[in-house]
Amino acid sequence: MTDEKKSCLRGSGLTKIFGLGQKKTVAVDHVDFNFYAGEIISIVGESGSGKTTLAKMLLGLISTTEGEIYFEGKLRDISTQKKKREYWKGIQAIFQDPYSSYNIFNKIDTVLLDCIKMRGGGRLPHAKKIEMISEACSFVNLKFEELTNKYPFELSGGQMQRLMIARIFLLKPKVLLADEPTSMIDACSRATILDMLMALRKETGMTLIFITHDIGLAYFVSDSVYIMEHGKLIESGTADEVILHPKKAYTKRLINDVPKIHEEWDLSTVKVSSIWNEA
Amino acid sequence: MKHTLQQVFRSGKFVVGFIIFCILLLIVLIYPLIVTDPPLTIIAQGTFFPPGIYVNTYDSVNSPSTYILNLENAGVKRIASKLSDEDRLAMQEFLIVAGVPAEDIDITNTPQLLEQWNSNYDPSKNISGMTLARSRYFQRLNTSLKGLLKPEGEILAAINADSGDLEQIGLVNQNDYVNVGEVANVRLLALGTDNFGRDMLTELVRAAGVSLLIGLVAGLVATLIGLVLGLVSGYIGGIVDDLIMFVTNLFIVIPSFVLLILISFSIGQNKRGAFTIALVIGLTSWVWTARAVRSQVISLRNRDHVNLSKLSGHSIFHIILNDILPYIASYVIMAFILQISSAILVEASLSIIGLGPRTTEVPTLGLLMNWAMIYQAHIIGKWWAYFPVLVVIALITFSMNLMNTGLDQVFNPALRE
Chain A
1 MTDEKKSCLR
11 GSGLTKIFGL
21 GQKKTVAVDH
31 VDFNFYAGEI
41 ISIVGESGSG
51 KTTLAKMLLG
61 LISTTEGEIY
71 FEGKLRDIST
81 QKKKREYWKG
91 IQAIFQDPYS
101 SYNIFNKIDT
111 VLLDCIKMRG
121 GGRLPHAKKI
131 EMISEACSFV
141 NLKFEELTNK
151 YPFELSGGQM
161 QRLMIARIFL
171 LKPKVLLADE
181 PTSMIDACSR
191 ATILDMLMAL
201 RKETGMTLIF
211 ITHDIGLAYF
221 VSDSVYIMEH
231 GKLIESGTAD
241 EVILHPKKAY
251 TKRLINDVPK
261 IHEEWDLSTV
271 KVSSIWNEA
Chain B
1001 MKHTLQQVFR
1011 SGKFVVGFII
1021 FCILLLIVLI
1031 YPLIVTDPPL
1041 TIIAQGTFFP
1051 PGIYVNTYDS
1061 VNSPSTYILN
1071 LENAGVKRIA
1081 SKLSDEDRLA
1091 MQEFLIVAGV
1101 PAEDIDITNT
1111 PQLLEQWNSN
1121 YDPSKNISGM
1131 TLARSRYFQR
1141 LNTSLKGLLK
1151 PEGEILAAIN
1161 ADSGDLEQIG
1171 LVNQNDYVNV
1181 GEVANVRLLA
1191 LGTDNFGRDM
1201 LTELVRAAGV
1211 SLLIGLVAGL
1221 VATLIGLVLG
1231 LVSGYIGGIV
1241 DDLIMFVTNL
1251 FIVIPSFVLL
1261 ILISFSIGQN
1271 KRGAFTIALV
1281 IGLTSWVWTA
1291 RAVRSQVISL
1301 RNRDHVNLSK
1311 LSGHSIFHII
1321 LNDILPYIAS
1331 YVIMAFILQI
1341 SSAILVEASL
1351 SIIGLGPRTT
1361 EVPTLGLLMN
1371 WAMIYQAHII
1381 GKWWAYFPVL
1391 VVIALITFSM
1401 NLMNTGLDQV
1411 FNPALRE
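Line order of the protein sequences matches chains A and B.
In terms of my numbering, the first sequence opens at residue 1 and continues consecutively.
In terms of my numbering, the second sequence opens at residue 1001 and continues consecutively.
Chain B on its own, in the form it takes in the complex (with noise of 0.2 Å):
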């Protein structure tokens, strides 16, 4: 037994796997101590922020101390970001609708080409084959180049609460900065957030750990189911084995998935828990193992080993316990993974076309690519709202597979390189 495991952890494939699983598992299990927000409380207001670290406006500007730095290319920098090279174009282009010579503009020339804007454009102008989306982009335009290229700083304005004027209470110079360390409120959104405003990678991490669970209980269901109808059909043979293989070819010539969406429909929305989906996936899915490990038995149980133990008098149960389960359990581990792997594959696909958990309690790799794909964050290219998703599912199956394929190499030593 030793033996084998040091055997198992020699094998290159399944150390890889076990050890991306293992990443996996730890980052689900330790991320929810570190970050305890729950994971479907709504913090944003809109729909799918993009990924980055988030700092509080106010807090920055009523910052306790201000730093002035004095930097060479801030201007420049803060000019390229409200000036896109896009934005350029587009300047380029109306100016030479509006009658400035092509010659005159250089584009790379942002002094010049402001100046040449603020002459030329005029909002009431209707150029011929302007569309009315285009006209309000230049007034958009237009609006966030205002003040531009002003030297000075802005004015921070309060209302007085006794006379109801306006009274300058600070100016925020172009060359003050805060340190972030110093901001009360910074909140990193590594992966921004989903379509709801939540966080999408708090989310992320607790649908993997649902999902796995899920994965978990189906699988060992599934196996469960399989391994004892596929022992006594097996053993037992006759007419226990006829039964048990009729109703194992009717699961086999409805495919399951079918099934799972009906069993999943009828269950209804409001009753349809992740552990009832898990259930419902392990309940669905032990037909494989059933057939392979009845084989597996019916080839082992004239072997020698077998008959000895009748003779020793042994029972039937003590029989199928000690002499033919060890002999298929590295068979039975390996079904057992690769259950866990299809299960969370089914989850997620069962997810996405909306007959997974319900969605008020916790989220599931599914469930996250169902609400990515309802609110089309494909199609409007918020791709932090799917793609680690995909990732996160990529890598569990990867993982497990390769497990899998590790295991069968050492215990099928005709399949080692």
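If we strip away everything but chain A, and leave its shape as in the complex, we get (with noise of 0.2 Å):
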């Protein structure tokens, strides 16, 4: 990682606390961080560690109890509903649960009519905006002739999930954080939406934030990986850094709680020696 990058969200002492006196939970605890443009960044962190009151104080939709969000290198102003609608055009999110991510008495169709409109193509002509939203759909292998007029729970979880990136495909925000994008889905739907997740970025060079807890997924997609515990930051560094050689106990307890990483972890000579016995 070169010094050039550019900073797109930085966080200073940023806190959240829930709740007051006895019954206060401080739920993100002075986390500093510097997410550089077009990184993909993984938010690594067991339940309750605040991963999604980050990813929600990131996003605006909390207040934070203190600390600064800077985006793009100026102080995020929020104050007003107009400012916040500027806020997001630049980021936008994918949440966990795609079932519960829809206003369910919407059709499909108004829930990407809304992103174009959103990014200023309300007066669009029709036809033009059908176009767009056809576009946006076939980017993620769904048919809009299929889906129109159709309600967002006559769709699977995979669908359901796809359409949420189609509808960043529409948006093109400059941030794009995902609040474990795949952890509702079964694996194979999970691999899809990773490779659409991927070639998103690389279409518009968006800087990725992944919120999740699945380490080996971290190590295998992101540029930088922050770990979190019980509200703070413990460890940040590139992905080799950070899960090749862990530094503090958690981590590599979180490593160490990965099935599927120990054993690609335990070097590949181990995996072909094991082959060459069966064999």
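Source of the hints: derived by calculation from the structure; they are not laboratory data.
The beta carbon of each residue, even a glycine, is placed where N, CA and C say it ideally should be.
Quick list of in silico lysine to any residue cross-link-like pairs, SDA-like style, CA-CA up to 20 Å:
(1) A:Lys84 / B:Asn1302
(2) B:Lys1082 / B:Gln1174
(3) A:Lys117 / B:Ser1315
(4) A:Lys89 / B:Ser1315
(5) A:Lys74 / A:Glu39
(6) A:Lys107 / B:His1003
(7) A:Lys84 / B:Ile1316
(8) A:Lys117 / B:Ile1319
(9) A:Lys5 / A:Ala239
(10) A:Lys172 / A:Phe144
(11) A:Lys107 / B:Leu1325
(12) B:Lys1082 / B:Gln1092
(13) A:Lys83 / B:Phe1317
(14) A:Lys107 / B:Arg1303
(15) A:Lys117 / B:Leu1321
(16) A:Lys107 / B:Asn1322
(17) A:Lys150 / B:Tyr1327
(18) A:Lys150 / B:Pro1326
(19) B:Lys1082 / B:Glu1152
(20) A:Lys84 / B:Ser1315
The calculated label-pair distances, taken between Cβ atoms and stated as ranges, are:
(21) B:Ser1315 / A:Asp186: 32 to 38 Å
(22) A:Gly121 / B:Ile1023: 53 to 59 Å
(23) A:Asp186 / B:Phe1398: 47 to 53 Å
(24) B:Thr1004 / A:Lys143: 25 to 31 Å
(25) A:Gly121 / B:Val1016: 50 to 56 Å
(26) A:Asp109 / B:Ser1315: 16 to 22 Å
(27) B:Ser1315 / A:Glu46: 35 to 41 Å
(28) A:Glu131 / B:Leu1025: 47 to 53 Å
(29) B:Leu1220 / A:Ser7: 54 to 60 Å
(30) B:Val1015 / A:Lys143: 39 to 45 Å
(31) A:Gly122 / B:Thr1036: 54 to 60 Å
(32) B:Phe1398 / A:Ser156: 43 to 49 Å
Stretch by stretch, here's where chain A covers chain B in the computed footprint (C-beta under 8 Å, at least three residues):
(33) 1297 to 1305
(34) 1312 to 1318
(35) 1322 to 1334
Assembly of the complex is requested from the two constituent chains, each provided in isolation within its own frame, with the hints serving as guidance.
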């Protein structure tokens, strides 16, 4: 990672505290980070480590208790609805559960048309809009003709998540925050969705932030990895640094907890030799 | 949406409730088209006429054609209608005191009984221990028995305008009949009349209509206020939420019925129209709707689809309308139905204690109850003045609660059997 990279999202002393007095929980505790534009970043941690809270703060969906967020070098300002709208043109998200991500009363057309409207294409002729939507759908291997006038719940989980990617394709944000985008989906669709996300990144050059508990996934896709424990960022660096040479016990535990990693971890020679032995 | 409606109408409870409610509604709507009398006109002189068909005596005597029917037990029936079993026992009691041996008296033998009565009854005779009311009763009985067994008819007479003498103009025989269809004036009073002498059925139908309207207005007002406050305080949160909840809690702490009584009283009898009462009920019963809507909205506002809508750049108004409201719509409809039925009950309770709408314009179910109570219909056994009202109130609230339960089962699959 060279120094000429531009900072895309920077946080300093980010803190989120829920509740008051005796009941207060520190979800995110003085977190500092600097995400560079165009990178793939993974934030890894167990459930309850504050990943999703951090993501929501980054998205501006919840307020920060303390700390500042800088977006493209400037202090983020989302004080008004209009400014929020501007901010959300730059940063978008894919959520964990595709089944609850859609408003079940809106048709798929509405979801995608809203994206065009947000990009300022609200006054385009209808045919042009449909063309754009069809393009986005074909990017994620869906046929818009089959989806039009359908409701989201008529699709499978994998299709819904692909539609989410189509949405991002239309919005073309600078930053995409993917909050465990594959955790609710079966293994086959998972690979497809990861492929699509990668392809989308290649095409738009956006910064991709993965929130995940799957350290294996983090290792394979990301440029830099951040490890979170109890609301604190305990380790960060390039994927190789963090995962091949973990410093903290927690990171090591996370790595050891992933069986898939484990196999590949014990070096390919082991695998090969075992295959040899079987043969 | 269509699917949900289908499910709703497949729920047995909802359908039963809906049918009952529709029947009531149809009666309320159609009856005034058939019976066009104003519901509050006084038609009867006297109070609490029992339910039945009222045939005009004058018209039946002067009916264009009379028919002679020789029916076997006509005489027996005539005597029975004038001389009940109770009367026979009383006569027996009197005769025994008057000195007739008990074994000679056969109360089933009418001619013998009457003969013994006629020969022994003496109004001036004072039996010891007999109250004045009792002796009056025997006097009345004696008068009604006069001519009970005579076979001939009765003469109709009119005063001759020239001479001033009574002249016979007709004879009514015991076996003369008229066809009810030919009598000019026949009035069906299916539920009799009330204490003021008004047709109870017409009044009841109108009262049911007015009460439903009061329920609808009060329900609309309460649901609207509760919905708006709940949405705003739940979605926006923070200090707005604190403020709205403070007001809501104030309303909860003061029992709304007490509040209702105070407001109703302070408005004054002359200004209390049905519409005012409906508004007052609506303005005091939104509290629980607001709280329930708020809690639902709080659980919804952090859902992913709301977040996604925010990320799509939608305004707060758009999100509340499109991403929150449809999700709680089923609940709001149920709350609305319950509000209507409870508003009808509240109106009835308020009217019973005399704080309902003023009594001069329209009847309401509560006012009917109030009138029946003031004139002691329940004590003197005039059931038709209050029982049908109770049934109508019960049917309305029952049907609405049934619909509500049915809807609940459709919208909340965990409750399905």
